[in-house]
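**Student:** Line order of the protein sequences matches chains A and B.
Going letter by letter, the first sequence gives residues 1 to 66 in my numbering.
Going letter by letter, the second sequence gives residues 1 to 382 in my numbering.
Don't read these hints as lab results, they were simulated from the structure.
Watch out, some of these pointers could steer you wrong.
Unchecked claim - In silico contact screen, one side only, chain B against chain A (beta carbon under 10 Å); selected entries: (1) S50; (2) L127; (3) A129; (4) E130; (5) L132; (6) R147; (7) V175; (8) L275; (9) R278; (10) E287; (11) G289; (12) L294.
Stated by the list, open to error - If you want the footprint, here are the derived chain A segments under chain B, 3+ residues with CB under 8 Å: (13) 6-14; (14) 23-35.
Ideal Cβ positions, reconstructed from N, Cα and C, are used throughout, including at glycine.
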Amino acid sequence: MNFEEAQQELERIVQRLESGEAPLDEALKLWERGEELYRFCKERLDTAEGKIEELASRAEAASPGA
Amino acid sequence: MKVEAIEYGDRKVFSVGAFNRGVASWLQRLPTVWVEGEVTELRRSDRWASVFFTLKDPQDGSCLGVSMARGQFDALRLELADGDRVHAYGRPELFEARGEFRLRALSLERFGLGDHLAALERLKAKLAAEGLFAAERKRPLPLLPARIGLVTGNDAAAKRDVLTAVTTRFPPANVLVAETYVQGPRAAGAVVEALRALCREGVDVVVVARGGGSFEDLLPFSDERLVRAIADCPVPVVSAVGHEQDTPLCDLAADVRASTPSVAGRLVVPDLAQLLERLDRSRAGLERGTRRGLERERRRLDGTHERLARAPRLLLERRRAKLEQSAGRLRTLSPKATLERGYAIVRAGEEIVRFGRAVEPGERVDVELADGGFGARVEETR
């Protein structure tokens, strides 16, 4: 599962919950799943370290006659 | 041709003539090729058998001497001026008398900007026919790439613009930068190699960024190899090459075309603030939705409970109503109601008097009315 899929599922769950069509058992399961997805997404954002790396040396070596 | 060397002990030494002859004969084995360049220093004389000029590479200024048979040159009537772009077909040769290397041209064609454009149009039509630029080939960009590849020149501007745009919008972004040639004859191959290297390292999306430049400068980005490499790239590619009005073919093959490197940078990352807000909204919705669902269930339960509590009383009332109804019917059937309408019951002793002959004149009878009654004597019978 990637971030995008998780976010989309989370939004579908919210929609279903807000529609009020889900029976209680389902609603509670949806809520648990939703919380899980929220934590997953949040973690993705919190753990990204923000690195700028250079691949220059390798590209240079790979181009003949550089 | 055999080139003889003089031997001084174990050292082999060639005369200048022999060396030049040797190199010249080796050069003759090289194939005939087309070379593109700008004509300068054209020297022609009716007294010479050949015409001489220099071909200059407009990209890096490299020079190549060219000679061509005067008769052939004149027959072409090219009327070349300094700086005119040509394609020369020939093979390398050495002018032995002077040890000068040059291209011996067998044919010469003018190749101006128009020809470049025409060649580009032909390539464009060919690649378009293959479906390389088709809209259905375009892939969506990932919302949140784990790592972004950036192919750029070492000119600071384009690279800085992309990085600034990326990190402003999404500070935790990871970017892998491949600096490479973005100009000159090596550029196309180098960009292709950089693209591959980035994909090998693992990126989710690649930005190819190059600032503006002359038509010539941007030509590598219309190179067939580069255009194909972009179309074949395993991850989506955003092309930001040149300015708005330039459309190098790589722009057409890329999944998304950005008008500037900054725009490309903004395209490949989400807005962190917005993303967090959206996530928080989702979470609030999650809580609200669940709470609302619970409350609805509770209300439904309360309603059911109330109905349950009401049930016995309801039953009782129903029974009572039924009883009332029965009582009513009972009342209409009782003689009381008949007496109310003005009838009377006459009794002689315990017996109810139903016909005249049942009593005798002078006999005492009791008359019962709706309310009260009285005693009486029979006057006569009929």
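**Student:** Does each hint hold? Answer for all of them.
**Tutor:** Hint check:
| no. | hint | verdict |
| --- | --- | --- |
| 1 | S50 | violated, 32 Å |
| 2 | L127 | violated, 24 Å |
| 3 | A129 | violated, 31 Å |
| 4 | E130 | violated, 27 Å |
| 5 | L132 | violated, 24 Å |
| 6 | R147 | holds, 8 Å |
| 7 | V175 | holds, 5 Å |
| 8 | L275 | holds, 7 Å |
| 9 | R278 | holds, 8 Å |
| 10 | E287 | holds, 8 Å |
| 11 | G289 | holds, 3 Å |
| 12 | L294 | holds, 7 Å |
| 13 | 6-14 | holds (count 5) |
| 14 | 23-35 | holds (count 7) |
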